[in-house]
Amino acid sequence: MKGTVSAVFAAVLIAVGMGAQAWAHHSFAAEYDMKHPIEVHGVIVQVRLENPHSWFVVDVKNSTTGNVDRWSFEAGTPSGMLRNGYRPGVIKAGDEVTIKGFQSKDSDVRGMLRELVTADGHVYGLFGPQENR
Amino acid sequence: MTIMKHSMMTAAVAGTLVWSSAGAFPLAAQQASTEKAAAAPIPRMADGHPDLSGVWWRGGDIGGRGFGGAPRGTPGAAAPQRPTTFSDLYQPWALAHSKVLADKHDPTVHCMPTAFGTLNVSLFDVGAVGQIIQTPKFVVMLTETFHGFQIIPFDGRPHRDDVPPSYRGDAVGRWDGDTFVVDKTNFTGDTWISAEGRVSFHSDALHTVERYRRLDAKTLEIEATLEDPKVLTKPWVVPKQTLQLAPFDQIYQLACSDDDIQSFKDATPPAISGKN
Numbered sequence: 008m009k010g011t012v013s014a015v016f017a018a019v020l021i022a023v024g025m026g027a028q029a030w031a032h033h034s035f036a037a038e039y040d041m042k043h044p045i046e047v048h049g050v051i052v053q054v055r056l057e058n059p060h061s062w063f064v065v066d067v068k069n070s071t072t073g074n075v076d077r078w079s080f081e082a083g084t085p086s087g088m089l090r091n092g093y094r095p096g097v098i099k100a101g102d103e104v105t106i107k108g109f110q111s112k113d114s115d116v117r118g119m120l121r122e123l124v125t126a127d128g129h130v131y132g133l134f135g136p137q138e139n140r
Numbered sequence: 162m163t164i165m166k167h168s169m170m171t172a173a174v175a176g177t178l179v180w181s182s183a184g185a186f187p188l189a190a191q192q193a194s195t196e197k198a199a200a201a202p203i204p205r206m207a208d209g210h211p212d213l214s215g216v217w218w219r220g221g222d223i224g225g226r227g228f229g230g231a232p233r234g235t236p237g238a239a240a241p242q243r244p245t246t247f248s249d250l251y252q253p254w255a256l257a258h259s260k261v262l263a264d265k266h267d268p269t270v271h272c273m274p275t276a277f278g279t280l281n282v283s284l285f286d287v288g289a290v291g292q293i294i295q296t297p298k299f300v301v302m303l304t305e306t307f308h309g310f311q312i313i314p315f316d317g318r319p320h321r322d323d324v325p326p327s328y329r330g331d332a333v334g335r336w337d338g339d340t341f342v343v344d345k346t347n348f349t350g351d352t353w354i355s356a357e358g359r360v361s362f363h364s365d366a367l368h369t370v371e372r373y374r375r376l377d378a379k380t381l382e383i384e385a386t387l388e389d390p391k392v393l394t395k396p397w398v399v400p401k402q403t404l405q406l407a408p409f410d411q412i413y414q415l416a417c418s419d420d421d422i423q424s425f426k427d428a429t430p431p432a433i434s435g436k437n
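Protein chains in written order, with this note's numbering: chain F, 8 to 140; chain B, 162 to 437.
Hints should not be assumed to be uniformly reliable.
Only part of the chain B face toward chain F is listed, based on derived beta-carbon distances under 10 Å [to be verified]:
1) 259
2) 263
3) 289
4) 358
5) 412
6) 417
FYI, nobody ran anything at the bench for these hints, they're computed from the structure. For each residue, glycine too, the CB sits at the ideal point set by N, CA and C.
Whole structure, please, built from the sequences with the hints as guidance.
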């Protein structure tokens, strides 16, 4: 698959309800199917706060096959997440999470992260914590 | 990528990404800090020139409160005209070439910098924050996403003729009154102008002139003109940008890994390295 997968990643920058224009910084649309929302429940394997975008790797039990699938969810730029209040280590390997997002066009186990909810109910979005937002 | 795709995407995720929410900094403290800073005079160096030092942004980082968008429109008024972009000025051959390129060809997806900057701000490179450190002889501009730096001497020296072309170009500066003028040349032709979902390749004939002016203690105004006679029909006059002094004095150092990106695309995450 390497080489055939679109190398596009990145964020759509939208100021909603502010009368501001939408800025696109690369395109999720080229990589993810915005008409195909997904939701998985699993256990965090790894969180990578890296440029240009962060990734949450999750092991998810496949109810159809009985196997454990390893999913990768793309999140926002780490600087944006950190300045919005995300703290390294707050979500770590072994944590149980539910992630909602959009399915990759090229992979059955990759997605764009829209919302991550921890077992104790904390909600994170593409750019970090959603509390007090 | 088509405009239609952008629009579809915008509509699809509009409900998920709201930037009118709280950031990491208490609002009251931030307002008090910025009001105090605005009342202060423009900081100056011992030589009398304005001191441009500071972390500059649009009032927030991507995805957070205060991220500066376009000016608000008047309700009921016609939509403002879209500002001209670099690629709007392509020569016919360049326009044709741009049609065969797409987001996936953007060098920044492989951790390469831009030649100019996202959001029309060179100081940002890729991202929405940049830092300036000024010394008696140099202005140093630091960018966050890919650990970029630009050392800009302003002692009258000419461009160097003994260095190879670079992604960000060779820079020299001079003071025009209180305005710091930066001239950059000697770029490679390997990068794009920005990383905004728009094809923006350029040539090695790129030449940029930027003008930085600190309007007050907390406001930095930037104007720029880019010329590239190999690909453009005329110089691109960049829309004027106004940045704010951020309420922190140090940008991040964050890794960028092309290998990781490709691994994730291949659905084979790399071995655990302890990063979090």
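*Of all the hints given earlier, name the ones this structure violates by number, lowest first.*
1
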